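Following the hints, put chain B in place on chain A, whose structure we already have.
Protein chains in written order, with numbering that gives the first Met the number 0: chain A, 0 to 338; chain B, 0 to 230.
Read the hints as simulated data drawn from the structure, not as lab findings. Errors might be hidden in some of the hints.
[As the list claims (entries may be wrong)] Listed below are the simulated BS3-like cross-link pairs for lysine-lysine, each with C-alpha atoms no more than 27 Å apart in a straight line:
id: 1; chain 1: A; residue 1: Lys237; chain 2: A; residue 2: Lys171
id: 2; chain 1: A; residue 1: Lys263; chain 2: A; residue 2: Lys282
id: 3; chain 1: A; residue 1: Lys2; chain 2: A; residue 2: Lys161
id: 4; chain 1: B; residue 1: Lys228; chain 2: A; residue 2: Lys171
id: 5; chain 1: B; residue 1: Lys118; chain 2: A; residue 2: Lys41
id: 6; chain 1: A; residue 1: Lys258; chain 2: A; residue 2: Lys282
id: 7; chain 1: A; residue 1: Lys258; chain 2: A; residue 2: Lys287
id: 8; chain 1: B; residue 1: Lys228; chain 2: A; residue 2: Lys41
id: 9; chain 1: A; residue 1: Lys258; chain 2: A; residue 2: Lys228
Every value quoted in this text rests on a predicted model; they were computed, and no experiment measured them.
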Amino acid sequence: MAKEFLVLGIETSCDETSVAVIKEGTQVLSNIIASQIDWHRKFGGVVPEIASRKHVELINPVISEALAEAGVSYQDLSAVAVTYGPGLVGGLLVGISAAKAIAYAHNLPLIAVNHIEGHIYANFISYPRLEPPLICLTVSGGHTDLLYFERLGSYQILGRTKDDAAGEAFDKVARVMELGYPGGPAIDKLAKEGDPTGVDLPRPMIDSPDYDFSFSGLKTAVLNYINHKKQKQEEIPKADLAASFQQSVVDILVTKVIKAAKDKEIKTVLLSGGVASNKQLRKELTIKVEELGLELYYPESQLCTDNAAMIGSAAYFKWQLDQQSAPYSLNAEPNLRLG
Amino acid sequence: MLVLAVDSSTKVGSVSLVSTERLVAESLLHLDQTHSQRLMPQLIDLVDRSGYELDDLDGIAVALGPGSFTGTRIGVVTAKTLAQSLGLSIVGISTLKAMAYSLKYTSGYICPVIDARRKRVFTGLYRTSDEQLRAETEEALLAIDDLITELSSVQEEIYFVGEIIQEYRAQISEQIEGTHFITNKFSLPQAGAVGELGIERLVAGDEDQLFELTPNYLKRSQAEIQWEKNN
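Chain A on its own, in the form it takes in the complex:
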């Protein structure tokens, strides 16, 4: 019997130091995530230099823990996978340096993974039987992409954001509303108490004929609304504003996904990325997708955040396609895009 394919995945692109062991692409033997959020909170966002320093402190203990929890040793591994972009360059370099060292020490293939692809493959960990053709909406603090998969491992980009990512808009709006960091969960929570029609906000590009997105105008509209209220010395209806802002984002995302699903005549829709945890987005998309007789999948919560399990999974599927090991000169690509 062939040896089971075990990937050690490493993810350090933002403020989570994560290492996982993945068996045959979809079985998570371990997925250790050390969050640095406590060190960044007082700054109202991720500070790149602090993130890099924390990754240096955390990466080696997290590697040990991932191997121990999986009950495997270096000799059992088939490959090492690492996120090489997009993300914060200092953090990416910590993961890449560690991955190269392990690959060299144990003569293993080094698989370079695009972080955004990782988020997509998080779905295959939760639902190993998923089959293309399908479309996938990837939304997080750094990206908003709509993808079409005709077969596994290869995809076409239908549309993406022209300016801010959806998650970035959540974080910025949360910051001006002084809701703390991270902004997504804070707005999601406050929105439950508010009226989503309470504040009239735009829905940029919702009717455009393409599949592209734009969120900076919406963010600006929220800022203008707040400034206007402050000038008139009126109280800001925070819950209503949070609910209305969230509703705008959800409306835009849902409209584009449904348009793509109809145009491409697919049966399956995937949701991935940090914003895939947004409850309102999940709820509305579920309703719309069911109306059309389609199926919606999103990864379990732990796999929606940045984690190394998804990197190990993406690496496995990539390796099955091309068996291509990255060179030891691999560098970080902070602005790496899909496609």
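Only chain B this time, still in chain A's reference frame:
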């Protein structure tokens, strides 16, 4: 005993293999290309050419900085993860001390200097006594003017090591007597020195705790400095 040494804390990137008897191999690249692109290929090439295998290693020595934050991190994470996955001992060595080490047999003070930008330097004062190179001051981040003021009271000869010192040579010569400026290859940090300092400590059983070993930044992040000002 055989030790692999790594330094990527400045634009100079070097790796070496040092045994208890001799310097076995050393490779130094002084380039603008990132350490991420060049360190591992350089390291693998050195090990391959030396005829040794990774299994022959007993320990790893790494330069902890001060210097470039990113460069130092690449070296430190590479060294720590190699040590971790091969089950080897590790020691961290000050980049400044490694620079001073090249002048170990000099009488007088040795002042290694690394650029910290905006007319500031990472520096410390070293001298040899009883055949041992010892730090005479705490390593620190100093404005070049403050360094000159501090050193102007020193009565003995001072040997400055480090490329950046050439920029301040005229100013220093004017204000301090008895100064010397090293312009040959000893002005660069070298992994051979990191390895020799490392093997000394490993032979003495003085290894570092792998999980505890971090770069010596000598400076907090800008965000922390700003936050403290505002709060």
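Outcome of the hint check:
1. Lys237/A to Lys171/A: 14 Å, holds
2. Lys263/A to Lys282/A: 23 Å, holds
3. Lys2/A to Lys161/A: With a Cα-Cα distance of about 45 Å, the restraint between Lys2/A and Lys161/A is violated, given a limit of 27 Å.
4. Lys228/B to Lys171/A: Holds: Lys228/B and Lys171/A sit about 24 Å apart, inside 27 Å.
5. Lys118/B to Lys41/A: 31 Å, violated
6. Lys258/A to Lys282/A: Answer holds: Lys258/A to Lys282/A is near 18 Å, not above 27 Å.
7. Lys258/A to Lys287/A: 11 Å, holds
8. Lys228/B to Lys41/A: At roughly 14 Å apart (the allowed maximum being 27 Å), Lys41/A and Lys228/B satisfy the hint.
9. Lys258/A to Lys228/A: Roughly 36 Å between the alpha carbons, so the hint for Lys258/A and Lys228/A is violated.
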